[in-house]
Structure formats: structure tokens, C-alpha cells
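Given the structure of chain B, go ahead and fit chains H and C onto it with the hints provided.
Chains as they are written, first to last, in this note's numbering: chain B, 1 to 225; chain H, 1 to 57; chain C, 1 to 245.
Just so you know, not all the hints are guaranteed correct.
What the hints assert, rightly or not - FRET-style restraints, in silico, Cβ to Cβ:
no., chain 1, residue 1, chain 2, residue 2, range
1, C, V229, H, A13, 39 to 47 angstroms
2, H, A24, C, L9, 30 to 38 angstroms
3, C, P12, B, G158, 35 to 43 angstroms
Hints were generated in silico from the structure; no laboratory data involved.
Since we're looking at a predicted model, the values are computed, not measured.
We put the CB at the ideal spot given by N, CA and C, even for glycine.
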Amino acid sequence: MSRLDIAIWLVFRRELTLAWRRRADIVVPWVFFAIVVSLFPLAIGPEPQTLRTIGPGVVWVGALLATMLSLGHIFDTDYADGSLEQLALAPHPLSLLVLAKVAAHWVLAGLPLVLIAPLLAVQLQMDIASLDVLVASLLLGTPVMILIGSVGAALTLGLRGGGVLVSLLVLPLYTPVLIFGASAAMSATQGTSAEMQLSLLGAFLALSLTFAPWASAAALRISLD
Amino acid sequence: MNWVKFFHMGGYAVFVWPSYGLSAVVLALNVILPLRERKRLLRGHNPGKHKSGRDSS
Amino acid sequence: MREYASPKLFYPLAGRLIPWLAAITAILMAWGLYLGLFDSPPDYQQGESVRIMYVHVPSAWMSMFVYVSMAAAGGAALVWKTKVSEMAASASAPIGASFTLLALVTGSLWGKPMWGTYWAWDARMTSELILFFLYLGYMALEASIDDPRRAARATAVLALVGVVNIPIIHFSVDWWNTLHQPASIGALNRLGKPTIAPSMLHPLLLMGLAYTFFYFTMLLVRIRNQILVRERNATWLAEALKEGR
Numbered sequence: 001m002s003r004l005d006i007a008i009w010l011v012f013r014r015e016l017t018l019a020w021r022r023r024a025d026i027v028v029p030w031v032f033f034a035i036v037v038s039l040f041p042l043a044i045g046p047e048p049q050t051l052r053t054i055g056p057g058v059v060w061v062g063a064l065l066a067t068m069l070s071l072g073h074i075f076d077t078d079y080a081d082g083s084l085e086q087l088a089l090a091p092h093p094l095s096l097l098v099l100a101k102v103a104a105h106w107v108l109a110g111l112p113l114v115l116i117a118p119l120l121a122v123q124l125q126m127d128i129a130s131l132d133v134l135v136a137s138l139l140l141g142t143p144v145m146i147l148i149g150s151v152g153a154a155l156t157l158g159l160r161g162g163g164v165l166v167s168l169l170v171l172p173l174y175t176p177v178l179i180f181g182a183s184a185a186m187s188a189t190q191g192t193s194a195e196m197q198l199s200l201l202g203a204f205l206a207l208s209l210t211f212a213p214w215a216s217a218a219a220l221r222i223s224l225d
Numbered sequence: 001m002n003w004v005k006f007f008h009m010g011g012y013a014v015f016v017w018p019s020y021g022l023s024a025v026v027l028a029l030n031v032i033l034p035l036r037e038r039k040r041l042l043r044g045h046n047p048g049k050h051k052s053g054r055d056s057s
Numbered sequence: 001m002r003e004y005a006s007p008k009l010f011y012p013l014a015g016r017l018i019p020w021l022a023a024i025t026a027i028l029m030a031w032g033l034y035l036g037l038f039d040s041p042p043d044y045q046q047g048e049s050v051r052i053m054y055v056h057v058p059s060a061w062m063s064m065f066v067y068v069s070m071a072a073a074g075g076a077a078l079v080w081k082t083k084v085s086e087m088a089a090s091a092s093a094p095i096g097a098s099f100t101l102l103a104l105v106t107g108s109l110w111g112k113p114m115w116g117t118y119w120a121w122d123a124r125m126t127s128e129l130i131l132f133f134l135y136l137g138y139m140a141l142e143a144s145i146d147d148p149r150r151a152a153r154a155t156a157v158l159a160l161v162g163v164v165n166i167p168i169i170h171f172s173v174d175w176w177n178t179l180h181q182p183a184s185i186g187a188l189n190r191l192g193k194p195t196i197a198p199s200m201l202h203p204l205l206l207m208g209l210a211y212t213f214f215y216f217t218m219l220l221v222r223i224r225n226q227i228l229v230r231e232r233n234a235t236w237l238a239e240a241l242k243e244g245r
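This is chain B alone, in the form it adopts within the complex (with noise of 0.2 angstroms):
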């Protein structure tokens, strides 16, 4: 293992064993997702053919928003504390170190989201046979998100508006994940094919991942100046 590839597992690990310490606020992005979906029955009424219909959007949409909201963990607390600038002056390049700051992130507050995505679709009457192609979706979609999202993340560093802004920034940014998203979701309920769907999200994700981390890096530079 070379000294960059030990940097970077390092990085992982330490967000997931930091996150550990402080279990209560990771649940809280998961508990909104569910929150969330459960408001659209009470705002639109029950009926399940309804539902059905909004199902997959309505997941989606959720599943957006919990995002958004975790994106505030993803360097506040090491801006906050100092680490960050010290991640900025190690001998690695910084965007594979932020790269595996997001990684970290996923495992936290994306991926539970993808696999408690199925229980929230039931609640709202969609098909079974359909949540396959919902799960992809979402496994493709939230790096997505919030790989776009550590952009915005680190440009309002330690700023004043925090949260609220971060979302006015990235919002615009995520309306072609969700578009194919919730297609691709809602294909599956309708029986027809979600693989143009599900191909771009994958050309996203790739785009993502070439390009976010260096972005993000730019970013946190300017912030820590």
C-alpha cells in the first residue's frame, strides 16, 4: 500500500470511527427520509392509487432532501476544529482526501437511505416487483448528490446562512438526478424498461466522481485561505 492509499483509508476510517462517537446525529438524515414520505399521505390523503402514482417521486424527493441536509457533517465539524486545515496541508493531493471524506459520508447517510428506500415505497403502495430498480436508482443517485452537494459544502465553509444557502446552491444542480431518478423508478412500476435511466445515472455517478472531489479541494482551499 502506498502512503497516499494508507492516507486515504485513514481518512475513511477516521470519519466513520468520529461518526461513531456521536451515533444519535447520524440516525437523524434517516429519520427525516422517513418523516418526509410519511407527510405526503397526510397533505394528499391515502388513497392508494394515488399514492402509487407519487410513490416513486415521492421517495425520490425524500430521499433528495435527507441529503441536502446531511451535507453540513460533511466538513464542519474538522473546520470547526481545525483538522481540516491540516487535511489541506498534508503531502496528498486533497481531493482524493475529500474524496474519501465522501466516501465516509455515503456510507452514512446515503446508503442507509438506499436501504430503507423499500419500506417507505411499500408505505405508499408501490409495486414490489418495482423496488429494484428503485434501489439502484438510489444507489446511483446519492453519490450523485452528494458528491455535487461537498461542492456546496465546502464553498459556504463556515459561513453565515449554512444550511439554507448550501441548499439554494445545489438544488439546481441536482434537478437532472432526480429526473432520471424518479423515472427510472417509476418506469419499473409501470413495467417498462429503466435502462436509459439507470445508464445515465451510472454516467453521472462517473461524471461525479472525476470531477467533485477536485472541485470540492478548489473549494476548500479558497474557503481556508
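Only chains H and C this time, still in chain B's reference frame:
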């Protein structure tokens, strides 16, 4: 030139004139506000209230 | 050419250009409005409501053009650290946001007679709405950062991320729109007809040019204002103002 017919805009007056009107207002604001700001900034300069500064170009 | 990126040279140059640009803007605007309102025919389908096109489409064009310019200026500021580039980016934002707002409102007013609804979630208007949010985000970020240097660099990164995403957003919204529309409303997306009559094309192009020159004119005015603020302690500025430049 039948002005009544012109302002009537074939029945679409309620859509056409607010479009042009709003465009005029927004563009006018985009002229007035920067020019007012310029006047305000120049007034701040003239009372000779800046210290002898270094040339910052 | 690169020297003009310094405020000291840019300020008087811009001062000399502004009257000319303003005059060109006024002439183009008057000519375009004359053709658009008086000398062009009503549309055989839309009647006189087609005249909204002459203020709607140029606004939409400019909303995009200004965002790209803003991102380009931001990129230049990041790469070459030039002050005038920073100011050009910052000054462009409110102008671009204004054009976007106009595009949305005039588009809505055009939509009601054309399609029967003030907002139809068609591809172009939805993309324009998202662009408006992008502008607002840019201006919100700039407003929340006190340090002008950090603000310039952060907004530059944001604008560049935005400009790269805009084609993706357009494509996605376009796809979303065709997916959810019954085939009969395909015509909704034809903002301009495939062949537009010259009598309508001329006022449209004139207004487009007029709006472009308007942007350049007011951009220079705003940049000069920013110079007055940021360079207020500079000796060259005091002298330039004394000489009435």
C-alpha cells in the same frame, strides 16, 4: 394609424402591454440604480476624505 | 490587451466607451421596437400576442449569455487573478438575473394566450426557472462572504460548476418534458417556428442586439462603480476623478 386598434393588440393587450411595460421597468431600474450608486460613490470621494493612499494598480 | 484588466487603465477606457455603447443600445432598441410593434405583421396563429416574442426571446437569450460571460469572467479571475475579471463577474449577476426574471414573466404572459395557461412546465420555461435559481444562489453566496477576495473566488467556482451543469440540466429537463407530455402538445416546445418570416426575424435580431449592447453598457457602469469602491484609496483614482475621467 388606428391607435385604438394598436393599443387593443387584437384582444391581447392585457398580455402584450404588461410584457413590454415590465421589460421597460426592469431595464430602467438596471440603468437608474447603478447610476444613482455612482453618484453616491462620487459624493463620497469629493469631500477629499481619503488619505494619501498607495497606488494600487 | 491584458493591461486593461487592471482597474487603473480600465476605468477611463470604460468611461469613454459607455456613451457610445449607450447610443448604440438606444438606436437598436428604438429601431427594434418600431419594427416589432408597428412594422411587423401579426402571426397567423397567435395574432398580435406574437409581439411578446420581441421582448421575451431576447431576455431569454441574454439570461444565458450573461451567465456564460459571468462564468468566463470568473474563470479568468481564478486563473489570472485579475481584479477587473472579478468585478465583471460580480457586476453581471444582477443584470443576468433581471433578464431571467423578464424571460420568466414575459414567457408566462405569452403562454396564457398561446397555451391557455400561465405556466405549463414546458422544457424551456422550466430550464429558465432553474437558471433563475442558479443566479439567486450565486448572488446569495456572494452576499454571505464578507472578504471580497474569497467571495470572488468562491462565486467563480460556483459559476463554473453551474455553467458545466447547464447543458446537462437543459438536456434532462427536455427529456423530462417530452416524457410527460401527450403527443398532441408537442407544439408547446416550438418557441420559434422552424422558418420565421424575415419581417419577424429582423425585429427579433435587432432587439437581441439591443439587449446585448444594453448588457455591455450597464456592465461597464457597474464595474466602474465597483472600482470606485474597491480602489477608493488609490492615488490614480483621485487624479482620474479630478480630471473628470
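Hints, verified against the model:
1. C:V229 <-> H:A13: 39 to 47 angstroms: About 44 angstroms separates the Cβ atoms of V229 of chain C and A13 of chain H, which means 39 to 47 angstroms holds.
2. H:A24 <-> C:L9: 30 to 38 angstroms: 35 angstroms, holds
3. C:P12 <-> B:G158: 35 to 43 angstroms: This hint holds: roughly 39 angstroms between Cβ atoms.
Of the numbered hints given earlier, the model fails none.
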